[in-house]
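Trainee: Note that the protein sequences, when read in sequence, are chains A and B. Counting from 0, one number per residue, gives the positions in the first sequence under numbering that gives the first Met the number 0. Counting from 0, one number per residue, gives the positions in the second sequence under numbering that gives the first Met the number 0.
It should be emphasised that the hints constitute simulated quantities derived from the structure, not laboratory data. All of these numbers come straight from a predicted model, not from anything done at the bench. Glycine is no exception: its CB is placed at the ideal position from the N, C-alpha and C atoms. The hints are all genuine.
What the simulated footprint calls covered on chain A by chain B, stretch by stretch (three residues with Cβ under 8 Å from a Cβ of chain B suffice, anywhere in the stretch; the number is not a length):
(1) 18-30
(2) 47-60
(3) 73-86
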Amino acid sequence: MPRTDALIGSLDLLVLKTLASRPGLHGYALMTAIQVASEDALRVEEGSLYPALRRMEEAGWLSAKWVQKDNGRRARAYRLTRAGKKQLAAEEERWLSLAEAVRQVLRSV
Amino acid sequence: MGWITRLQRTLRSRRLERDLDEELSSHLEEACERGRDPEEVQRAFGSALRWREEGRDAHVLVWLDTLLLDAKLGLRRLLAARGVTTVMVVSLALATGSCLAAYQLADALLLRPLPVDRPGQLRAVAFGASLPEWPTRWTRLSYPGYLRLERLDTPATLFATTVPHAHPWTVRPPGTPRETVEIQYVSSSFFGALGLAPSVGRLFAEDDFPDAPRAVITQALWRQLGAPQIGTLLHAGAEPVELVGVTGPAFRGVAPGDPSEIFLPAGRAPGVELAGRNSFQTFLRLDPGASSDVLQAQLFDTWRRFEAERWNVPGIAPDLRRAYLASAHLRLEHARAGASAAQDDYGRALAVLSGLAAVVLLIACVNVAHLMTSQALTRQRELSLRAALGAGRLRLLRMMLLESAWLSLAAVLCGSLLARWLAPALLGQLASSGRFLDLDLAVNARVLLFAAGLAIVVSVLCALVPAGQVRWAGAAAGSRSESRTLRGTRALDGLLFGQVFFCTTVLFVAGLLITSFGRLTATETGFDAEGVLAVQVRAEDEQPPALWSALVEHTRTVPGVERVAMTDWPLLSGSGTTHRVEAGAPRREAMVEFLCVSSEWPEVLGIPRLEGSGFAKGIAEGSASAVLINRSFARHFFADQPTLGQALWHIDLDGRRIEYAVSGVVGDVRQNDLRAPPPLAVYVPCAGEADERRRHAFLLVRGSEGTGPWLAEPLRSAVEETGMFRVRGIETQKQVVQRQTAVERLLALLATYFGTASLLLFALGLYGVLHFLFARRRRELSLRIALGGRGVRLLRDVLARTGLAATLGCLAGTALGPLAGRGLEALLFDVSSRDPASFATPIALVALAGAVAAGPVLRRALSTDPAESLRTE
Chain A
0 MPRTDALIGS LDLLVLKTLA SRPGLHGYAL MTAIQVASED ALRVEEGSLY PALRRMEEAG
60 WLSAKWVQKD NGRRARAYRL TRAGKKQLAA EEERWLSLAE AVRQVLRSV
Chain B
0 MGWITRLQRT LRSRRLERDL DEELSSHLEE ACERGRDPEE VQRAFGSALR WREEGRDAHV
60 LVWLDTLLLD AKLGLRRLLA ARGVTTVMVV SLALATGSCL AAYQLADALL LRPLPVDRPG
120 QLRAVAFGAS LPEWPTRWTR LSYPGYLRLE RLDTPATLFA TTVPHAHPWT VRPPGTPRET
180 VEIQYVSSSF FGALGLAPSV GRLFAEDDFP DAPRAVITQA LWRQLGAPQI GTLLHAGAEP
240 VELVGVTGPA FRGVAPGDPS EIFLPAGRAP GVELAGRNSF QTFLRLDPGA SSDVLQAQLF
300 DTWRRFEAER WNVPGIAPDL RRAYLASAHL RLEHARAGAS AAQDDYGRAL AVLSGLAAVV
360 LLIACVNVAH LMTSQALTRQ RELSLRAALG AGRLRLLRMM LLESAWLSLA AVLCGSLLAR
420 WLAPALLGQL ASSGRFLDLD LAVNARVLLF AAGLAIVVSV LCALVPAGQV RWAGAAAGSR
480 SESRTLRGTR ALDGLLFGQV FFCTTVLFVA GLLITSFGRL TATETGFDAE GVLAVQVRAE
540 DEQPPALWSA LVEHTRTVPG VERVAMTDWP LLSGSGTTHR VEAGAPRREA MVEFLCVSSE
600 WPEVLGIPRL EGSGFAKGIA EGSASAVLIN RSFARHFFAD QPTLGQALWH IDLDGRRIEY
660 AVSGVVGDVR QNDLRAPPPL AVYVPCAGEA DERRRHAFLL VRGSEGTGPW LAEPLRSAVE
720 ETGMFRVRGI ETQKQVVQRQ TAVERLLALL ATYFGTASLL LFALGLYGVL HFLFARRRRE
780 LSLRIALGGR GVRLLRDVLA RTGLAATLGC LAGTALGPLA GRGLEALLFD VSSRDPASFA
840 TPIALVALAG AVAAGPVLRR ALSTDPAESL RTE
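Construct all of the structure, not just a fragment, from the sequences and the given hints.
Mentor: In C-alpha cells:
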C-alpha cells in the first residue's frame, strides 16, 4: 500500500528531482512517475501535488506550458527553471544531511 | 513567475479560469482511463471552487485581480440603478465640463508657457501711478523711453514689441483669404532674447535696424502664403518689405490672444520717434542669478527720470506733474506665458469663471455624495454582510471609491465633450461682443493632466461621506441599532447644508454680476447709437480737409443715407485725447477731452444742441476758433454766465495757448468709457488749423430707413470709387458700445449659466434626500397616520432637522456672499454687495427651488394611504 504521509517535507524534492530527470511531465504523469520510481512506496495525492506545483511555479522554480497529449487533450507540462535546478541541489543536500543525522541517531541509540 | 506574466493573466482572467478547468478535467480523464474511481479522484482534488480560487491566486496579481472584481461589481451596481446613475453623471458632467472649459481658456490665455527658450526667465515691465482718472497700471512705453532703458548696463536683456495690429495688405498675395495681416514691430534684441531660431532663412540682425524694409513672418502665415521664397516682397504696411526669414512652427508672438504674423523692425513703426507715444511693451530676460529687485530699482530710476523730462512741458500743470512723479512706480511681472491686453482684460473674468466652475463642481460633488450616501444607507444589510464575511474596512471603502471613480470617469468624459463645445462658444460670445480673442484651444498634456486630476478629486469628494457610512457599517456589522440611522441621516443633513451654502454663494455672486451688466447696459450714454454705422476710412496719403469734406458729401448721396458726420473715432471706442484747458472768470484750469467732429455730428448721434448752432457752415468753411462744448464743461467753467462766445484756451505741450470761442453747447455723452461719467469735453471742427491734413477718420452714417448691414456695401463702394480712400472696417455704433460691455456680458452669461446649474443641482439633491428620508420612515409615518397623527405635525418632525440644515446653509451662504463680492468689486458697476436686494434674491431663489423640489415628495407623503403602505411593508 503506497504511503501518502511519508511525503511530508519531501514533496518539493521529489517533484524537482523527477522533473530534473524527466522534464515536460504533466501533473498525472508526474504523480505516476513518483509512484513508479518509489516502487509504489510513495503516492502523491492530487490535493497536495497541484498546490505544490503552483507554489513552485510562483516561486519561479518551475515553468509550465500547454502541450498536446496523445489522446488529443491539452495538458500543462512542467520543467525546471535555472532557479529550480539550484533549489533541487539545495533540497538534495538538506535531505541527505537530514537522513545522515537520522541514521546517526539510529546507530548510536 | 514574472509580474508581467501575472499582469497578463490578471487581465485575461477568463482564459486563466478556462486553463485551470482544462488542467483539472484533463487530469480527471486520464485518471479514469487508468482505472481509478472518478469519485475518489474528485475527493483527492478537494473542492473545485477552491481549486479554481487557489489556482487563480497563484497565477495573478491578487491585489489587481480583486480591484478589477470590485470595479466590475461597482459598474454593475451603477448600471442596475440607471436612473440615479444618469442624474449623478449629468450633474458631474455639467460641472466638470465647465471646469475643463475654464481651464482650457485659462491655459491658452494665462498659463501656457511661450514656445521660447527658458520662458520662466522672462519678465514684462509694467508701470503705474495713482492719479485720479488715470490708469493705475499700464504696460506700454514709447520707443525713445525703451531705448533709454535698453542702454542701461543691467543684468538682463531687454526687448520691446508693439501690440499686434491688423494692417490691410496693400497688395493682397494671391490666394490669401484675409484682407488684413497682424503686424508687430519689434526691437533688435527681440528674437535673440527669446532664444528663437528660424525655420527658414534668418531672423533679424543688427543691420536690419532701425528701419530696413525687411520682415520675418510666422510659419503659419508662410504656409498660408504658399511658402514664398526668401527675398519675396510682401505688401503689408506702408511700403513693401522683403521676406528674410520664418520663425519656428509654434511661435505666434508674445501676446496670447493677440497673435502676430509679420514682424518688422521697430524703426518702421508709425510715430516711433515720439516720446509721448506709448506703443511699445517692454520685456526682459534676466541673466542667470540676477536679482529682480535690484534690476527693478535700476529701471525705475531711469524711467522716472525720462518721465520727469517728458512731463516737464508747459502743457502739463506743475501740480499734476508733481503728483504723477510722486506716485509713479515700475514693476517687473512674470511673463512666462507672455503678456497681452487680453490677459489684462480677461484675467479677472477667467478667475471668476474658474471660481464659479469650482463651486458648481463642489455642489455637484455634494449632490452625488448625497445620493451615494442615501444608497449606502439603504445598502446597510449588504455591507454588513460583506463585513461579516471578512471584507475588511479598506475593501469596503475601496468599493465605494471605485463606484465614485466610475462616475467621475464618465462625468469627465462627458464633460470633455461639453468643454469642447463650451470653450469655443465662450470665445464666440466674446467675438460677437466685438472682442476677438485668437486662442489655441488644442488639448495638450496639461489639459489632460488637469482632466485626470479633476477625475481623481471628484472621485474622492464624491466618495468621502458615503465612505464614512461604509466604514461605520463595517464596524457595526450585523447590528441594527437605531443610532446608525441617526448618524447616517446626520451626514445627509451636513451635505444638504453644504449644498445650500454653495448654491446661495453662487447665486449671490451671479446676482451681482447680472445686475452689474444690466445697470451698465441701461446706462444713459447721452447719444442714440441705434441705426448709426461707423465707417473707418484710410487715405493712401494725408489729405486736406477739403477732400475729406468732399468725401462726406459724396457718401451722403448714397441711397438710404440720411446724415453723415466725420470724426476722429466713434464715441465709446476707447480712444481719447486730453488737453489742458483754461477758461471762465475767474480763470480756471482743467484737463479736458478733445474730439474732432464735423458739423452734423450731434444730429447723426442724436445729441441735443442746448445752445447755439454748432460750427454753422459745415466743415469746409468751419472756423478753427469756433468750438462746441458739452454741458459739463459749460457748468464747470461758466456756471450761470452766458456761454456762447466765451473764450477758452488750449495749452499745448509746448506751452502755446490756442484760443477758441464757444459757438454752441451740446448734451453730455459718455465719451471714452461707459463706466465713467461724461467728461468735460470740447468738440473742434474737422477743418481749419486745428485739423489740417489727415490720413484716418471715421464717417458716422445714419440711414434714412434704419441703417442695416445692407448699407455697408454701397458705402464701401462709394468711398473706394473716389480712388483716394479705402474702407478699413465698418461696424455699427451699437457694436462699438457693446464692446465696452464685452467682459460684463460674458460674466453675466456665465453667471446665468452657473446660477441655473447650481439651482438645478440643489433642487435635485433636495429631492433625493427628502425622497430617501420619507422612504426610510414610511412605516413609522403610516403607523402614526393610522393612529390619528396629523400630517403637518408629522412633516414637521421629519423635516425639522433638514429644514434647519437648509436654513443654516442659506444663512452661511449669504454671509460669505459679501466677502466673495468684495473680491469682485473691480468687475462690478453700480452694484454693492451690501445692497439688501443682493441678499434677498438668492434667498428667494433657493426657497423657490426648495419648494419646487420638496413639493412632490411632501404631497406624496401626505397622501399616503396608511393601510396600503403598511400592507406593502
